[in-house]
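K.L.:
Just so you know, the sequences run in chain order A and B. Heads up, the first sequence is in the numbering used here, so the first residue is 25 and it goes up one at a time. Heads up, the second sequence is in the numbering used here, so the first residue is 25 and it goes up one at a time.
Heads up, some of the hints might be wrong.
For chains that are exact copies, the list does not tell them apart, and a pair is met inside one copy or across any two.
What the hints assert, rightly or not - Straight-line Cα separation of at most 25 Å, BS3-like style, residue types lysine-lysine; simulated pairs: (1) K84 <-> K118; (2) K150 <-> K54; (3) K150 <-> K84; (4) K82 <-> K147; (5) K130 <-> K82; (6) K58 <-> K130; (7) K147 <-> K169; (8) K84 <-> K147; (9) K118 <-> K82; (10) K130 <-> K84; (11) K54 <-> K169; (12) K58 <-> K169.
Calculated directly from the structure, the hints in this document are not laboratory data.
Given next are the chains, with one letter for each unit.
Number of protein chains: 2
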Amino acid sequence: MKLASTKIITVCALILATNSAIATPATSEKHANKANELRHAVFTMLGANMGALGAMAKGKIPFDAKVVEKNSIRINQLSFMIADYTSTDTSAYKVDTTALPDVWTKREAFEKRINDLTIASEKLVKASTSGDESAIKAAIGGVGKTCGGCHDNFREE
Amino acid sequence: MKLASTKIITVCALILATNSAIATPATSEKHANKANELRHAVFTMLGANMGALGAMAKGKIPFDAKVVEKNSIRINQLSFMIADYTSTDTSAYKVDTTALPDVWTKREAFEKRINDLTIASEKLVKASTSGDESAIKAAIGGVGKTCGGCHDNFREE
């Protein structure tokens, strides 16, 4: 299982590494709202998967390595979608978002943060089948750190 | 690339085949709204990926086999998430949704539809690297048919 998961991620990374997406302005309010809906969708799913892992790491819900494996694979898969779903600059329109303009103006730094999440979630997928609960919890912390680090700079408080 | 993609899907299927999720009722309005947000998120992402493919198949936007490959991989990955994100029965609460109660009461039939999408998107991933545009368009049609078939029975018109 461990090898299998590693293989998926490596292959997915090779296929999807072309994701890097230059920011382009939304062309209408409708376009901005649609882009905002998609951006919100991917972060909603990331948050739901990470929320359960954070709760496990803090002992708030029972630890379950199978759920860690499943959620970390999902976080990894979703991480490859973030660049595309944040590539439309909606800052010229009034949309309901906490995204800061730096998401589009500091694109290289933002995509570096996405890559940090990809790498941290890869590590968590590998750790999840190790049977070592403290190592798994540490790897959950590693993913959480990349979420928080990005939120600090690219999301409203 | 073709083999690699096939391998991803097969391995993902093995890992994530335990996804089958029995429907359980939401325990509060807050819970129902959160479940609804996640359900909406996964279908928003499915729709965005499929929308572009449908437009290509109909000749409304330029055909791009690389985009077909990327989107079909994403649809496949997302298909494995649908069962979890539709497992909370929100029908006792007033939430903004087009999901029909059969999503929860006819769970076996609904999950069969999810599996149809998984299989059709697998076929499209394989076709996407064949270089055969008409075969790729036919496989896009195969995915679209599974979307429409499910919407007919499980989504409000």
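K.L.:
Which hint numbers does the structure go against, in order from smallest to largest?
P.N.:
Structure breaks hints 1, 2, 5, 9, 10, 11.
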